[in-house]
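Protein chains in written order, with full-length UniProt numbering: chain A, 1 to 120; chain B, 1 to 120; chain C, 1 to 120; chain D, 1 to 120.
Because the hints were derived from the structure by calculation, they are not lab data.
Among the clues, some could well be false.
Note: identical chains are not told apart, hence a pair may lie in one copy or across any two.
[To be verified] Derived lysine to any residue pairs resembling SDA-like cross-links, with alpha carbons at most 20 Å apart:
#, residue 1, residue 2
1, LYS67, PHE19
2, LYS67, GLU56
3, LYS67, GLY89
4, LYS99, ARG17
5, LYS67, HIS104
4 protein chains.
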Amino acid sequence: MTTPDEREIAELTRLVREFSAERDWQQFHDPKSVILALVGEVGELAELFQWVRADEAVTAFAVPERKARAAEEMADVLVYLVCLADVLGVDLGAAARAKLADAHRRFVADEVRGRAPDKP
Amino acid sequence: MTTPDEREIAELTRLVREFSAERDWQQFHDPKSVILALVGEVGELAELFQWVRADEAVTAFAVPERKARAAEEMADVLVYLVCLADVLGVDLGAAARAKLADAHRRFVADEVRGRAPDKP
Amino acid sequence: MTTPDEREIAELTRLVREFSAERDWQQFHDPKSVILALVGEVGELAELFQWVRADEAVTAFAVPERKARAAEEMADVLVYLVCLADVLGVDLGAAARAKLADAHRRFVADEVRGRAPDKP
Amino acid sequence: MTTPDEREIAELTRLVREFSAERDWQQFHDPKSVILALVGEVGELAELFQWVRADEAVTAFAVPERKARAAEEMADVLVYLVCLADVLGVDLGAAARAKLADAHRRFVADEVRGRAPDKP
Chain A
1 MTTPDEREIA ELTRLVREFS AERDWQQFHD PKSVILALVG EVGELAELFQ WVRADEAVTA
61 FAVPERKARA AEEMADVLVY LVCLADVLGV DLGAAARAKL ADAHRRFVAD EVRGRAPDKP
Chain B
1 MTTPDEREIA ELTRLVREFS AERDWQQFHD PKSVILALVG EVGELAELFQ WVRADEAVTA
61 FAVPERKARA AEEMADVLVY LVCLADVLGV DLGAAARAKL ADAHRRFVAD EVRGRAPDKP
Chain C
1 MTTPDEREIA ELTRLVREFS AERDWQQFHD PKSVILALVG EVGELAELFQ WVRADEAVTA
61 FAVPERKARA AEEMADVLVY LVCLADVLGV DLGAAARAKL ADAHRRFVAD EVRGRAPDKP
Chain D
1 MTTPDEREIA ELTRLVREFS AERDWQQFHD PKSVILALVG EVGELAELFQ WVRADEAVTA
61 FAVPERKARA AEEMADVLVY LVCLADVLGV DLGAAARAKL ADAHRRFVAD EVRGRAPDKP
């Protein structure tokens, strides 16, 4: 049974799949192509932030228009990630929860506190 | 009120935030740093697929170990995306739904059917 | 002494440095910012190819306009790579030659012939 | 006639081509695959810098081992960029010089001085 908090990504997956099916675009969605599309969106996200000072970025992107622009690029990244997961039959939400559980074990809080992590 | 299908990303956000707070790692999570971390994970995802033939990629990644490896890298991408959204105060799920609604309008199914899309 | 074939990247470096200096833009060129800019250009390159079939990509990009677009994005990637190398004091050409010499040793031709490489 | 300063990238191209040919690896080097490999290397470069403070990055990477690691990742990016240019028949050095000449025209120094550039 699906618990309530497992539903949001499934819902996005259904929307992305429907969108592609209505346009007969699944033919373009082999994994390598979708990853390149994801890279394109990550690139657009990076461009928004590239010349903003690191210590001013949060403030700069609190301005509504800029925040909306960032949200759009992040949405695009998520949409392609969801699309890729669907193509590969990966349960993205479950994978993320598993990865975080694993990170808890690998990075013992008392040992790594305040030191620059490798991940995540 | 939050509907059931809006909860999954909020739950991931809570987990990522808790994980970072316990380790005092939020200090490292300025937007540019998190985007670079996201780029690192996208790079690892790309490496998994780089030399696989495009028309064999789905089959090759149906093998459990390989699928698990891809799921892990995709999970890492999602975790950093959720982290970035949290740092910027962006509602990632809402942004993705808005982007898909917008894509429905911009790409009229009857006009673009079967032709390589620009997005998404 | 610099041999003739070591000069091209040095010349590009000089052009990039001059360009930035004339505009007082070096202040923006800390390494993380330049890497984000590089990511942005790699994203634009990826977008050009994302929906082209893998087995048609070379032919599709032999068309002059498309080839010119790809060349531009590749040029942008190189410019930021040269900029980053300059900021970090890295001799990019020497590093690439060293890396290739190392790859020759690590990937013995008779052992790996025809099998998908990990690198490069 | 090739002038001396146009030779370095041609020489790298020759080395990359030879390396691939000896291993019968050209079969893997369709443009989309090479771009994914490039993305993988950019990801490794990003990971080196992700948690370093922006204002400490130059100093941190002046340490010989770290500088050597950065140089290696940058070399990998260049090698795949040269490989892609070779596959597509693009003259990378000429493209970069053309792009810089164009940037000189588009970004008039007196108009943009000291203001965050979009490019490059």
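To see whether the hints hold, each was checked on the structure:
1. LYS67 / PHE19: Neither: 26 Å inside a copy, 25 Å across copies.
2. LYS67 / GLU56: within (13 Å within a copy, 27 Å between copies)
3. LYS67 / GLY89: Only across copies: LYS67 and GLY89 sit 8 Å apart there, 32 Å inside one copy, limit 20 Å.
4. LYS99 / ARG17: Between copies only: 14 Å across, 25 Å inside.
5. LYS67 / HIS104: neither (31 Å within a copy, 22 Å between copies)
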